[in-house]
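We have chain A; now place chain B onto it with these hints.
Number of protein chains: 2
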Amino acid sequence: MQTLENLLSHKTIRNYKSDPIDDAVLDKILEAGFRASTTGNMQVYSIIVSKDEEKRKELCKLHFGQKMVEQAPVLLTFCADFNRFNKWCEQRDAQPGYDNFLSFFTAAIDALLASQNVAVAAEDYGLGICYLGTTTYQADKLIEFFDLPKGVVPVTTLVVGYPAENPGLTDRLPAKGIVHYEKYKDYSSRDIDEIYEEKESLPLTAKLLEENQLETLAQIFTQKRYTQKDNVHFSNVLLKVLQDQGFMNNK
Amino acid sequence: MQTLENLLSHKTIRNYKSDPIDDAVLDKILEAGFRASTTGNMQVYSIIVSKDEEKRKELCKLHFGQKMVEQAPVLLTFCADFNRFNKWCEQRDAQPGYDNFLSFFTAAIDALLASQNVAVAAEDYGLGICYLGTTTYQADKLIEFFDLPKGVVPVTTLVVGYPAENPGLTDRLPAKGIVHYEKYKDYSSRDIDEIYEEKESLPLTAKLLEENQLETLAQIFTQKRYTQKDNVHFSNVLLKVLQDQGFMNNK
Numbered sequence: 001m002q003t004l005e006n007l008l009s010h011k012t013i014r015n016y017k018s019d020p021i022d023d024a025v026l027d028k029i030l031e032a033g034f035r036a037s038t039t040g041n042m043q044v045y046s047i048i049v050s051k052d053e054e055k056r057k058e059l060c061k062l063h064f065g066q067k068m069v070e071q072a073p074v075l076l077t078f079c080a081d082f083n084r085f086n087k088w089c090e091q092r093d094a095q096p097g098y099d100n101f102l103s104f105f106t107a108a109i110d111a112l113l114a115s116q117n118v119a120v121a122a123e124d125y126g127l128g129i130c131y132l133g134t135t136t137y138q139a140d141k142l143i144e145f146f147d148l149p150k151g152v153v154p155v156t157t158l159v160v161g162y163p164a165e166n167p168g169l170t171d172r173l174p175a176k177g178i179v180h181y182e183k184y185k186d187y188s189s190r191d192i193d194e195i196y197e198e199k200e201s202l203p204l205t206a207k208l209l210e211e212n213q214l215e216t217l218a219q220i221f222t223q224k225r226y227t228q229k230d231n232v233h234f235s236n237v238l239l240k241v242l243q244d245q246g247f248m249n250n251k
Numbered sequence: 001m002q003t004l005e006n007l008l009s010h011k012t013i014r015n016y017k018s019d020p021i022d023d024a025v026l027d028k029i030l031e032a033g034f035r036a037s038t039t040g041n042m043q044v045y046s047i048i049v050s051k052d053e054e055k056r057k058e059l060c061k062l063h064f065g066q067k068m069v070e071q072a073p074v075l076l077t078f079c080a081d082f083n084r085f086n087k088w089c090e091q092r093d094a095q096p097g098y099d100n101f102l103s104f105f106t107a108a109i110d111a112l113l114a115s116q117n118v119a120v121a122a123e124d125y126g127l128g129i130c131y132l133g134t135t136t137y138q139a140d141k142l143i144e145f146f147d148l149p150k151g152v153v154p155v156t157t158l159v160v161g162y163p164a165e166n167p168g169l170t171d172r173l174p175a176k177g178i179v180h181y182e183k184y185k186d187y188s189s190r191d192i193d194e195i196y197e198e199k200e201s202l203p204l205t206a207k208l209l210e211e212n213q214l215e216t217l218a219q220i221f222t223q224k225r226y227t228q229k230d231n232v233h234f235s236n237v238l239l240k241v242l243q244d245q246g247f248m249n250n251k
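First to last, the sequence lines map onto chains A and B. Going by the numbering used here, the first residue of the first sequence is number 1, and it counts up by one from there. Going by the numbering used here, the first residue of the second sequence is number 1, and it counts up by one from there.
Isolated chain A (complex conformation) (with noise of 0.2 angstroms):
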């Protein structure tokens, strides 16, 4: 059960060496990507590989400045993408209706699930990964930075690379806070003060309450980390990508 205890032992890295990734390795983690389930086997999504350094460095402005997006050798942007769909289709005397939301979607789901096993191919391989979620917030300006035409949108970014650390495993919410049985079986307050439990009372929550000087971890995550104000902005950040990029036409 190899695979199994690699999928319980991941951990995201976010300090990396700059040794390169060689060709042959990128290449085979890629693979994993393709041999995702992919909807009606279409393969409706692209893989952009940045590995120029000056690239780097502007994508990392671009992703908030996070130091680990110039420091790893590779960043793979995972795009939702319709666009090659809809040629072969013109080309092939098809007419194709894949400029709705729902195309969007079937084509994210995509390039999630194959972004998903080259995470874990990456990880069989010694290289460290992080999901960048800066991805969607910023789609407007790496559709720009990357040339993306209609069709094709950015939903999730890996930076992938040799680990310069070792985290230990990050806590999870326990088993009864996630699955639910043949119903979903709403939260009573009891519930989740038993859900919440064990991650309120880390070291971890602690000091991030100190140094946050607030009274609750939950206030952490409303006033600092994912605002209602910066949320709001990036849904219209998001809902205007997909308008532009020819993922609204609905009626």
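Take these hints with a grain of salt, some might be off.
Identical chains blur together in the list; that is why a pair holds if it fits in one copy or across any two.
[To be verified] Subject to a maximum C-alpha distance of 16 angstroms in a straight line, what follows is the list of computed EDC-like cross-link-like pairs (lysine to aspartate or glutamate):
hint: 1; residue 1: K199; residue 2: D23
hint: 2; residue 1: K183; residue 2: D147
hint: 3; residue 1: K183; residue 2: E144
hint: 4; residue 1: K224; residue 2: E210
hint: 5; residue 1: K176; residue 2: D191
hint: 6; residue 1: K57; residue 2: D23
Think of the hints as simulated: they come from the structure by calculation, not from any bench. A quick note: this is a predicted structure, and the numbers were derived from the prediction, not measured.
Same frame as chain A, now just chain B:
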């Protein structure tokens, strides 16, 4: 490189034995899902396990009558879920601002990365899996079926069980069709011909063209499998679901 080999030999399974899955095995597979990367370690997803035979029969109907849905012993419905997180915030004197499109998409990413880990772990146990794209088409009906509260939207489903078939590897596009270096290089008509050449020359393609009495494989997609009319219809279903589940307050 057992993990890499597992990833490279993935095949979607559409015929299952009725053999049940051990609870201990199911728990481990789900645990592998929890270990996937998650935005800010929020784990904003839920997994609904369907094992009850009557329930699976009903779900089979909701998933367009795909027989494997009632044949396989376990169905896992992965939901983008901010309900639990919102309840936690409210109980901890924090004002959640996650009723917007960005938050939905963030939660969907979480759910999809977890689902792919579950798929890979299941295969490590000799189980087979199949993703159900019908989940987003029928999101409104699944919300009713599972009793999903506001803040919860189903995004994908995994059928899981012991395989009753051993299909060959499915074709995939060549890497040059998927991977770009540094910038997106848009496809020329010659590129498109090359990328789709192998797929178009498969015996399976010839068979499909004969069965459907159509000229090109692309037409099978646009006229039979994923038509504009269906895509537009299901786009509106999904957008209404996002509205109804409280994910479109973007002001």
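query = Going back to the hint list, which numbers does this structure go against?
reply = Checked against the structure, the hints that fail are numbers 1 and 6, while the rest are satisfied.
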